[in-house]
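Chemist: With the hints as constraints, model all of the structure from the sequences given.
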Amino acid sequence: MPMPAKKNTPVYLAAFLLLLAGVGYLAYAGFAENSVYFLNVAEAKAVPTQQLHAARLFGTVAGEGIRTHAPGPGVSFSLQDKDDASQTIEVNYAGAVPDTFKPGAEVIVEGGMVGDGRFDAKILMTKCPSKYQKQNRAS
Amino acid sequence: MYIFASAMQYLALAASIAAGGAALTALLRGDGRLLRFVEKGHWVTSVALVLASSLLLHALYWNDFRLVYVAGHTDTLLPAFYRLTAFWAGQPGSLLFWALAVSVAGTLFAGTPSYASLKPLTRLWYWVVFFAITAFFALLLTTWSDPFVMQDPAPRDGSGLNPLLQHPGMIFHPPLLFLGYAGFVIPCCLALAQCLAPDPEERPWHEISRPIAILAWIMLTAGIVLGAWWAYMELGWGGYWAWDPVENASLIPWLFGTASLHTMAIARRKGKLARANVLAMAMTTISAFFATYLVRSGVVQSVHAFGDSTVGTPLTVFILLAILICAWACASAKPSGEPLAGLASREGFLTLLAWLLLAMALIILAATMWPVLSKLWTDGAKGLDAGFYNRVCLPLAALVMLFMAACPCLSWTGGLLRRERLWYALGAMALTLGACFAFGLRQPVAMFGAAGAVAALVTVGLSIARDRAWRGPLAALGAHAGMALLAIGVAFSGTCGIEKDLILSKDESGTVGDYTFTLKSVEDGGRPGHHFLAGTLLVEQDGRTLGTLTPERRIYDKFGTMQFSEVDILPSLGTEIYASLLGMDDDKRLLVQVSTKPLVNWLWIGGTLMCLVPLAALLRRRKPAPAADDDA
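Residue numbers (our numbering), protein chains in the order written: chain S, 59 to 197; chain D, 831 to 1462.
Derived by calculation from the structure, the hints in this document are not laboratory data.
In this text, a Cβ means the ideal position worked out from N, Cα and C, and glycines have one as well.
Careful, some of the hints might be misleading.
Negatives, chain D to chain S, calculated, CB over 10 Å [as the list claims (entries may be wrong)]: (1) 832; (2) 865; (3) 962; (4) 1034; (5) 1247; (6) 1345.
Okay, the calculated bits of chain D under chain S, using three or more residues with CB under 8 Å as the criterion [said to hold, decoys possible]: (7) 1182-1194; (8) 1222-1234; (9) 1413-1421.
Modeler: This is how it looks when you write it as structure tokens:
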């Protein structure tokens, strides 16, 4: 039945374009407003502080310098680069500290740099202690 | 003994290559005599992988720490149940599990009358694709990800399993995902085979493999819901979904798979969308491989400590090849030639719904990979926070609910099926919007999502009550009712809950919304295997006692100073109260995070319904398919 196909195609095309425009608008607005830097500590150190008003940093909790806020909740600590321990950023976090937070834990902080070079974290996540662990053998 | 296990993995590889190669040779030479040899191949791969898996289970059960894998994921204190489930605890084991699931699914399908009804040419193409997949898995297992690597000397004890992961939700979450991924492989192989060897007299692949696709979808749904439930009950942060790359990795195949089931419904009823249907199923399977790539390659930083592994590059090559082959097969598929009915018909709305689901899958895919993609034009990698997903995906999800409500009101050919049904649906929507407003919900997306979900429940209910539609598409009705309940749970618990941190001395009270929390007692003690700090909170509302909550913090003997939260809840089908103990300050005051979770349990009820009803529908005796214009 070729006739109905001719009739319906423009309607479907219009619906598709409408959907595309709607989704495109939502995605464009999201990309513009919800995009943040995803950086390791060493990479973040190389970026000017004023550009890091919104960022997600990946690193390891340094062995020393963990200060639990009293009265809580919250913690201040040094975030080390995973590969270069000499590269650190001081992080201040005022929320509930995850269970698995400890020296040496791999963590993700989300927030922004403040004037004094400290990172004010709104979110602190420790990497899930998943059963899917790193390869622990040379291969 | 483990040399034998490794040999079995090599045998699976050899059998896959030999049988797949023979199938390809038969196709090139036009010699059908090789089919008998090809059809024996799956037995060899299945038996080899069953034997290898049995030996791994044996090693896990008997704590054979000579195997690196066993030592890395269990210890002598771990109960036998958790030791055995460590089979899928690490990468090599889970890849073996996935390979086993694919191979056994192939063997089971080969024994069905549906397979017997296939023409030799279709069978040969089917086995070419199937053995290409099993060969790839066997190659991974024999080279980059071997679970039978041994160490000498063997350690006296293993590393153990993190207490957070010793939870039923987390035990069954990974295998269900893998079974879901594996299940979609069979329909995909069949779809590609029929594309490459079209035969109008043969039953179409979407009819033959529909039960397998539905079963795979059930597994995937159950895996995702269980993972969310585990996060909610065990992690102590009060949430169930964080849009983390690893969570997204399982949602993408689910969205493709759901879109595929809807295009399959159109194909089954009307014989339309032949190419789109194959494409949707191929995308579902490829996205399952992509999920593994995302999880295993370390290409995107995730909260989950999956880390960098060696299987990233082979998976990339395999996925790219799979995309090329699927594109070629889809392009060579014969278009159905049948035009779609008008937009305002059930098939029109199902098509729009499939588009929406595909759009969501592609957006989540792009957003998850954004840190990699953005590097192409920016200096530092840029990623997208949870706000992006909520902003883009939730309005689309609300729209999906509206389509779900509208579809049963429409006939397949166009126009309204039952006029009063539309009025009932619109009435339910209006009432829900009013009720949402009255209960303080002000977010338009959540309001329309909830209203659409309630309207969908009404239309599903009417289909059952008035048309006895349960005799036909029980799976679809149950899945839609479950999805609607899940959406209601998400809309309310995600937007109307209150969360507050309270610092309380003994007999001190704090309020969260209408609720008063009084710390009645603090207990500090030990149980076998762990020490704990517990606080008992009396929960009251308007002077009425609702119950007590006793959240704990634990330190396990085997996990050093690491603390684990044990949340406590006051379960309710209305507003659930959730408490986790964050710690004790220097003045011996307890710090407790308390939150209210309106309607959160409907999320779990809906998720359960989405799995159990379609499962029951698959298990019940086949009834003749209802007429074309009914309420499927």
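Chemist: Now, for every hint given, state plainly whether the structure supports it.
Modeler: A quick look at each hint next to the structure:
Its beta-carbon lying about 15 Å from the closest one in chain S, residue 832 of chain D satisfies the requirement of being farther than 10 Å from that chain. The claim that residue 865 of chain D is not at the interface with chain S holds, since no C-beta of that chain comes within 10 Å of its own (minimum 39 Å). Every Cβ of chain S is farther than 10 Å from the Cβ of residue 962 of chain D; the closest lies at roughly 24 Å, confirming the non-interface assignment. Every CB of chain S lies more than 10 Å from the CB of residue 1034 of chain D, the least distance being 20 Å, so the non-interface label holds.
Distance to chain S confirms residue 1247 of chain D as a non-interface residue, since its nearest Cβ pair spans about 19 Å, more than 10 Å. Distance check for residue 1345 of chain D against chain S: the nearest CB is about 19 Å away, which clears 10 Å, and the non-interface claim stands. Check on the region 1182-1194 of chain D: 5 of its residues sit with their Cβ under 8 Å from a Cβ of chain S, so the three-residue criterion for coverage holds. With 3 residues carrying a beta carbon less than 8 Å from a beta carbon of chain S, the region 1222-1234 of chain D meets the three-residue requirement, and the given coverage holds.
For the region 1413-1421 of chain D, the proposed coverage by chain S is satisfied: 6 residues have a C-beta within less than 8 Å of a C-beta in that chain, meeting the threshold of three.
Of the numbered hints listed earlier, not one is contradicted by the structure.
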